[in-house]
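Enquirer: Each residue of the sequence shown is one higher than the last, beginning at 4 in the working numbering.
Just so you know, not all the hints are guaranteed correct.
Lysine-lysine pairs mimicking BS3-like chemistry, simulated, CA-CA at most 30 Å apart [what the hints assert, rightly or not]: (1) K270 to K89; (2) K181 to K83; (3) K270 to K260.
Listed next, with one range per pair, are the computed distances between beta-carbon atoms [said to hold, decoys possible]: (4) V242 to A319: 55 to 65 Å; (5) T321 to F177: 23 to 33 Å; (6) S171 to L88: 37 to 47 Å; (7) Q288 to N153: 20 to 30 Å.
It should be emphasised that the hints constitute simulated quantities derived from the structure, not laboratory data. Each residue gets a CB set at the ideal place from its N, CA and C atoms; glycine is no exception.
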Amino acid sequence: ATDQPSMTTFTSYSLRSKPQSRCVAFCNLLFLVFLASLASQSDAFASSMLQPPSTTTTTTLYAANDDHPVIIAMTREEGKNEKLLKKIQQDNQLWSQVDVIELPCIAHASGPDYDNLASTLLSQKWNYVAITSPEAAKVLASAWDAVRDNPLPVVAVGKATETALQDSGIPVTFVPSKANAVTLAAELELVAGEGTSVLYPASAKAKKTLEQNLSARGFAVTRLNTYDTVTATWDEDQVGASKQVQVACFASPSSVKGWLQNTENNKNVAAACIGETSATACREQGWNENQIFFPEAPGLEGWVETIQNAMKAAKAQTSHSASTI
Numbered sequence: 004a005t006d007q008p009s010m011t012t013f014t015s016y017s018l019r020s021k022p023q024s025r026c027v028a029f030c031n032l033l034f035l036v037f038l039a040s041l042a043s044q045s046d047a048f049a050s051s052m053l054q055p056p057s058t059t060t061t062t063t064l065y066a067a068n069d070d071h072p073v074i075i076a077m078t079r080e081e082g083k084n085e086k087l088l089k090k091i092q093q094d095n096q097l098w099s100q101v102d103v104i105e106l107p108c109i110a111h112a113s114g115p116d117y118d119n120l121a122s123t124l125l126s127q128k129w130n131y132v133a134i135t136s137p138e139a140a141k142v143l144a145s146a147w148d149a150v151r152d153n154p155l156p157v158v159a160v161g162k163a164t165e166t167a168l169q170d171s172g173i174p175v176t177f178v179p180s181k182a183n184a185v186t187l188a189a190e191l192e193l194v195a196g197e198g199t200s201v202l203y204p205a206s207a208k209a210k211k212t213l214e215q216n217l218s219a220r221g222f223a224v225t226r227l228n229t230y231d232t233v234t235a236t237w238d239e240d241q242v243g244a245s246k247q248v249q250v251a252c253f254a255s256p257s258s259v260k261g262w263l264q265n266t267e268n269n270k271n272v273a274a275a276c277i278g279e280t281s282a283t284a285c286r287e288q289g290w291n292e293n294q295i296f297f298p299e300a301p302g303l304e305g306w307v308e309t310i311q312n313a314m315k316a317a318k319a320q321t322s323h324s325a326s327t328i
């Protein structure tokens with residue numbers, strides 16, 4: 004028997020802001036200068052230090068930072084946003100201009116075929132096992148002991164999925180040049196000619212692109228719906244926090260759907276998408292084209308650049324709105 008993948012109900016959010024506000028830092032600095040002045044200067048000089056800072060000084064202090072940070076929402080399921088947050092923090096210029104909120108829009112649950120995964124892995128010598136998301140990698144890992152001593156060739160749709168597999172001790176034999184199902188289906192080698200077998204453990208909501216394109220090339224594809232992606236339910240605090248968001252970061256069409264359901268169809272935010280698939284979902288849901296941003300090659304590095312572009316657009320829109328008031 005294999006363990007079920009862990010399930011979590013996501014009903015909380017956290018505000019990820021700077022370690023210390025600029026105002027507090029300035030006041031602490033001013034107080035230290037004041038104490039030093041008491042020891043070395045006259046009472047008159049010390050008295051002058053008690054005067055509040057001038058508007059010019061305050062403006063200069065804030066000039067190197069951003070007084071009006073753009074609010075960004077990370078929408079992956081709880082526990083899956085840390086890598087993106089770390090990348091944002093490592094970009095000093097971006098991190099100085101944003102506040103980040105975690106608002107999980109999706110959750111994961113077992114799919115109808117999960118209980119058959121281990122036995123299906125053992126049922127034949129598959130030419131490939133195709134994994135198309137980090138969550139699918141996690142689900143495969145929960146059943147991998149069945150074939151760990153005689154591992155099957157596993158292919159990953161992209162680097163993030165490859166890393167998730169390798170972290171679970173599952174070797175990866177192939178990653179396509181571009182992280183999407185179309186490219187994976189086009190580049191995967193027909194190692195056994197017609198009928199090359201592929202086991203495809205997938206989300207119940209995953210599109211049929213991979214299996215259809217592989218079948219068209221002569222592969223024999225068996226799909227198992229091993230997990231399902233469901234919309235997370237927000238509490239009142241999360242709904243309230245979402246109204247401040249200017250940029251929403253999407254990593255899947257399911258996240259886009261979850262955002263719309265929890266925000267009463269709010270499309271007045273810039274959509275910073277990890278790749279073209281999520282961008283297409285935004286487009287199909289009616290986002291303005293100039294509010295959709297995505298990199299040419301999916302991945303964390305390109306995603307952060309996309310967030311930068313979305314942030315700049317959000318700031319420009321805010322400035323325009325303020326100038327018309």
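Enquirer: Do the beta carbons of Q288 and N153 sit within 20 to 30 Å of each other?
Expert: Violated - the Cβ-Cβ distance for Q288 and N153, about 45 Å, lies outside 20 to 30 Å.
Enquirer: For the pair we were handed, K270 and K89, check the Cα-Cα distance against 30 Å.
Expert: Satisfied, since the Cα-Cα distance of roughly 26 Å is no more than 30 Å.
Enquirer: Given the proposed pairing of K270 with K260, does the C-alpha separation stay at or below 30 Å?
Expert: 11 Å, holds
Enquirer: Assuming the hint says 55 to 65 Å, is it satisfied by the Cβ distance from V242 to A319 or not?
Expert: 27 Å, violated
Enquirer: Just to be sure I understand the hint, the distance between the Cβ atoms of T321 and F177 should be within 23 to 33 Å; is that true here?
Expert: 45 Å Cβ-Cβ, so the 23 to 33 Å window is violated.
Enquirer: Sort out whether K83 lies within 30 Å of K181, counting only the CA atoms.
Expert: 22 Å, holds
Enquirer: Could you tell me whether the CB distance from S171 to L88 stays inside 37 to 47 Å?
Expert: 22 Å, violated
Consistency with the previously given hints fails for numbers 4, 5, 6 and 7, ordered from lowest to highest.
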